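Chemist: This is what each chain is made of:
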Amino acid sequence: MKRFYYIFKHEVLAFVRFPLMIILLLLCPIVVIGFIPQTLGHSIKFNCAIVDMDHSSASMEIGQKNLSSEHCLPPVWCKSVEEAMHLMEYNSVLMIVSIPEGYERGIALGNPEKITLLADGSRVIEADIAVPKMMSLLSDNDASGGIINLHRLFNSEEHSEQYYLVSLISMSLLIIAMFLIGLNIAGEKKHNTLSQIIVTGVDMRLYLGTKVLFYSLVVILELFLCLAMGYIVYDMTIASGIGQLVMVTYILTFPLLFLGVFIASVARNDIQAIYLMIFLMIFLVMLSSIIAPLANMSGISYYFCRMNPVNWLTESLRIVITYGYPLRTILLELIAGILLSVIFFFSSIRLLKRIN
Amino acid sequence: MRGIWTVARKELSHILRDKVSGLILFVLPALFFISIGFAISVDIERIDLAIANTAGPKANEVINHLCNMNKVSKVVMLNSPSEVEESFARDGIVAAIVISEGEGGYNAPFKFDLFINCSFATNILAIRNPISSAIKNALIGPGNDSPFTVRYLYNSDLNRKMATIPGVIMIILIVVSTIIFSISINKEKVHGTSRLLSLTPLGPMKIVIGKLIPYFLISLIHISYLIFLGQSIFGLGINGSFLLYFLFCALFSLNSMMLGLLVGSYCKTYEAALIICWFFIFTPNLFLSGFVMPVNSMPETMQKIARLHNGYHFIEGYRGIAYKGTGLSENLPHILFLTIQSLIAFIIALLGFSRRYSKS
Chain U
1 MKRFYYIFKH EVLAFVRFPL MIILLLLCPI VVIGFIPQTL GHSIKFNCAI
51 VDMDHSSASM EIGQKNLSSE HCLPPVWCKS VEEAMHLMEY NSVLMIVSIP
101 EGYERGIALG NPEKITLLAD GSRVIEADIA VPKMMSLLSD NDASGGIINL
151 HRLFNSEEHS EQYYLVSLIS MSLLIIAMFL IGLNIAGEKK HNTLSQIIVT
201 GVDMRLYLGT KVLFYSLVVI LELFLCLAMG YIVYDMTIAS GIGQLVMVTY
251 ILTFPLLFLG VFIASVARND IQAIYLMIFL MIFLVMLSSI IAPLANMSGI
301 SYYFCRMNPV NWLTESLRIV ITYGYPLRTI LLELIAGILL SVIFFFSSIR
351 LLKRIN
Chain Z
1001 MRGIWTVARK ELSHILRDKV SGLILFVLPA LFFISIGFAI SVDIERIDLA
1051 IANTAGPKAN EVINHLCNMN KVSKVVMLNS PSEVEESFAR DGIVAAIVIS
1101 EGEGGYNAPF KFDLFINCSF ATNILAIRNP ISSAIKNALI GPGNDSPFTV
1151 RYLYNSDLNR KMATIPGVIM IILIVVSTII FSISINKEKV HGTSRLLSLT
1201 PLGPMKIVIG KLIPYFLISL IHISYLIFLG QSIFGLGING SFLLYFLFCA
1251 LFSLNSMMLG LLVGSYCKTY EAALIICWFF IFTPNLFLSG FVMPVNSMPE
1301 TMQKIARLHN GYHFIEGYRG IAYKGTGLSE NLPHILFLTI QSLIAFIIAL
1351 LGFSRRYSKS
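Top line first, the protein sequences correspond to chains U and Z. For the first sequence, position 41 (counting from the first letter as 1) is numbered 41 according to my numbering, and the numbering increases by one without interruption. For the second sequence, position 326 (counting from the first letter as 1) is numbered 1326 according to my numbering, and the numbering increases by one without interruption.
Because the hints were derived from the structure by calculation, they are not lab data. Please note: incorrect hints may appear among the correct ones.
Okay, the calculated beta carbon distance ranges per label pair [to be verified]:
#1 U:H71 x Z:R1009: 55 to 63 angstroms
#2 U:F224 x Z:K1058: 28 to 36 angstroms
#3 Z:I1213 x U:P326: 41 to 49 angstroms
#4 U:S136 x Z:S1080: 31 to 39 angstroms
#5 U:V199 x Z:L1016: 52 to 60 angstroms
#6 U:A108 x Z:R1090: 42 to 50 angstroms
#7 U:L331 x Z:L1247: 30 to 38 angstroms
#8 U:Y250 x Z:K1058: 51 to 59 angstroms
#9 U:S136 x Z:G1022: 41 to 49 angstroms
#10 Z:L1247 x U:L206: 30 to 38 angstroms
#11 U:L331 x Z:N1060: 31 to 39 angstroms
#12 U:F304 x Z:G1235: 18 to 26 angstroms
Covered, in the sense of this in silico footprint (three residues per stretch, anywhere, with C-beta under 8 angstroms from a C-beta of chain U), are these stretches of chain Z [unchecked claim]:
#13 1039 to 1048
#14 1057 to 1070
#15 1177 to 1189
#16 1228 to 1235
#17 1240 to 1252
#18 1265 to 1278
#19 1346 to 1352
Just so it is clear, the structure is predicted and the values come from calculations on it, not from any experiment. The beta-carbon is built from N, C-alpha and C at its ideal position, and this holds for glycine as well.
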């Protein structure tokens, strides 16, 4: 117990020795949680150009519909499609609505000419959202055709703020968990302090375990900072309660902490450890539900994502914060997290003992 | 010039001396590009659906249409509508449909309640539209009565990889040019070799340029093979001037290096450099560049802030040159922004580096 206390004290002193790190850890939630989600996922307002070749009251009506729509910025009237395409090249318009000659006459005869919608395909996400919205706007018809009663669950305003808030919390915890402990161990390896500690008779398991415990508390502290920021700026609430959230986070950050330890143990020097951590972290972030949900992952990557500890953490945070599902829905992830932690812990100890 | 070349050779030998680090630096970005390029999609790939039918066997036709919908990977049949909420938690479904008896007789035989997990707002239309079409097809049969002809310019097949690839290239270039370069600048301080360098007759400017050259060459290698991989694997060729495209990517890489230099010059430890690069450069660029969310879906003031990120200008310029085939004049604002930002970052970084250099 006394050894544990001294190792823990050593870690605290090493941590507070660099006040810049503490300032950075306090600043990160302000920048990442307080600022970034504000920008994400509000309803898109797109610019469109109208090429009116009919010059009729029916075509003017289309312009009016665009003007009064909440999704469109005031349209630009162009004389030709070429002129509108020139605007598209400068990103001034996302879509061109081309009204053919004889459009109004066709309506009167009951056989209207088709309106052509030209969308900027290089902006796939915007085009994907804007085309159906423009079609329903011009045809006065909602996409469900009025036969479907839509219930929006977990996000009635269709903003992506809540989704990315959880993603950013998970990403912040990942970085704090993996980088700090990984760099700490890589540094100790580089300065040979690990070999010196081994000869003092301190058990490697106790030494690494205490380090991990200390950094897990830093992670929990960062979680509270993120939650405070989320609450202050976005009125974020936790559907399942704070106790469950802390427990789930605590369990699922252990595999990430031990992954940091494992990388530092495998790497031969500090630079190698940093390179490995950076690339692995980017893989883990991109192959999880941080950027897009698992339903958007194609082919085999879906199964990779399901085995990713960052995904376990992100999905579990989402379940506890957003959905409020019972804990049994993430039981598998929790068990897998504990197992992975144990595997990384003992592998790291073996590696470090062999090296030293 | 000779001094610069000597520092560049020293830096290159440092990179290549450690074979594993060299391998990580050269091979991992390619693996990253291929795997992430394939993995991330802006469109939903799997629709896991639950259906609760209270209208009896006459709704079987509609259910068949729903089950045979494109991208449906799992259908869970529920016994009653009360199970819908539980099914979201238990089965991980993204949508549930409750089919009940309609009140409009022959004209509206059924009533549909569609429940969608809207937490990821971008997917809502992608889930709702095919379900609406399937229901309409089942009730009134397929028809092509759309009053519109829709065409996608510059991307006629609406290849969705076009949305992700510029972002993935941006990430790779930021990682190599900003994060790894800032670590390399920081390394001299951490290892104490900056003292040795200060004893040489080389000035801070020469040391910085010398250290920059190998990483710039590495990023040029990355740009070259990313063009090749993008074309051969994802079928995304360069529609505009190849030279302009290459120079634009090189400019972005140089710009990212300047930001890395800025961080590396002022930070004392790896931890601080990595955390600043990750939280203040990488994460904002990831979310505000237009890779994850379109910039014009942001509030107006936030759009202005997003436009101050180098990633935004890279993605816009990339789309312009590579997809639309636009030239120098159309992309001039992006080129100017990246150039001016690089110059400002270089001057501030050099001041910091000189101060540290003179101190040591």
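Chemist: If a hint holds in the structure, say so; if it does not, say that too.
Modeler: Hints, verified against the model:
1. About 57 angstroms separates the C-beta atoms of H71 (chain U) and R1009 (chain Z), a value consistent with the hinted range of 55 to 63 angstroms.
2. At roughly 55 angstroms, the beta-carbon separation of F224 (chain U) and K1058 (chain Z) lies outside the given 28 to 36 angstroms, and the hint is violated.
3. The beta-carbon spacing between I1213 (chain Z) and P326 (chain U), approximately 58 angstroms, falls outside the hinted interval of 41 to 49 angstroms.
4. Judged by the Cβ atoms, the range 31 to 39 angstroms given for S136 (chain U) and S1080 (chain Z) holds: they are separated by roughly 33 angstroms.
5. Checked against the hint of 52 to 60 angstroms, the pair V199 (chain U) and L1016 (chain Z) fails, with Cβ atoms roughly 35 angstroms apart.
6. Checking the proposed 42 to 50 angstroms range against A108 (chain U) and R1090 (chain Z) shows it is violated: the Cβ atoms sit about 56 angstroms from each other.
7. Distance hint check: the CB atoms of L331 (chain U) and L1247 (chain Z) are about 54 angstroms apart, inconsistent with the given range 30 to 38 angstroms.
8. Distance hint check: the CB atoms of Y250 (chain U) and K1058 (chain Z) are about 52 angstroms apart, consistent with the given range 51 to 59 angstroms.
9. Judged by the Cβ atoms, the range 41 to 49 angstroms given for S136 (chain U) and G1022 (chain Z) is violated: they are separated by roughly 54 angstroms.
10. At about 56 angstroms, the beta-carbon gap between L1247 (chain Z) and L206 (chain U) misses the expected band of 30 to 38 angstroms.
11. One distance hint, 31 to 39 angstroms for the beta-carbon pair L331 (chain U) and N1060 (chain Z), holds here, with the actual separation near 36 angstroms.
12. At roughly 23 angstroms, the beta-carbon separation of F304 (chain U) and G1235 (chain Z) lies within the given 18 to 26 angstroms, and the hint holds.
13. Chain U is given as covering the segment 1039 to 1048 of chain Z, and this holds because 10 residues of the stretch bring a CB closer than 8 angstroms to a CB of that chain, at least three being needed.
14. Counting residues of the segment 1057 to 1070 of chain Z whose CB lies closer than 8 angstroms to any CB of chain U gives 0, which falls below the minimum of 3, so the coverage claim is violated.
15. Given as covered by chain U, the segment 1177 to 1189 of chain Z passes the check, having 4 residues with a CB less than 8 angstroms from a CB of that chain where 3 are the minimum.
16. Residue count for the segment 1228 to 1235 of chain Z with a Cβ under 8 angstroms from a Cβ of chain U: 0. That is fewer than the three needed, and the coverage hint is violated.
17. Note: the segment 1240 to 1252 of chain Z has 0 residues with beta-carbon separation from chain U under 8 angstroms; the three-residue rule is not met and the coverage is violated.
18. Counting residues of the segment 1265 to 1278 of chain Z whose CB lies closer than 8 angstroms to any CB of chain U gives 10, which reaches the minimum of 3, so the coverage claim holds.
19. Counting residues of the segment 1346 to 1352 of chain Z whose beta carbon lies closer than 8 angstroms to any beta carbon of chain U gives 0, which falls below the threshold of three, so the coverage claim is violated.
Checked against the numbered hints above, the structure breaks hints 2, 3, 5, 6, 7, 9, 10, 14, 16, 17 and 19 and satisfies the rest.
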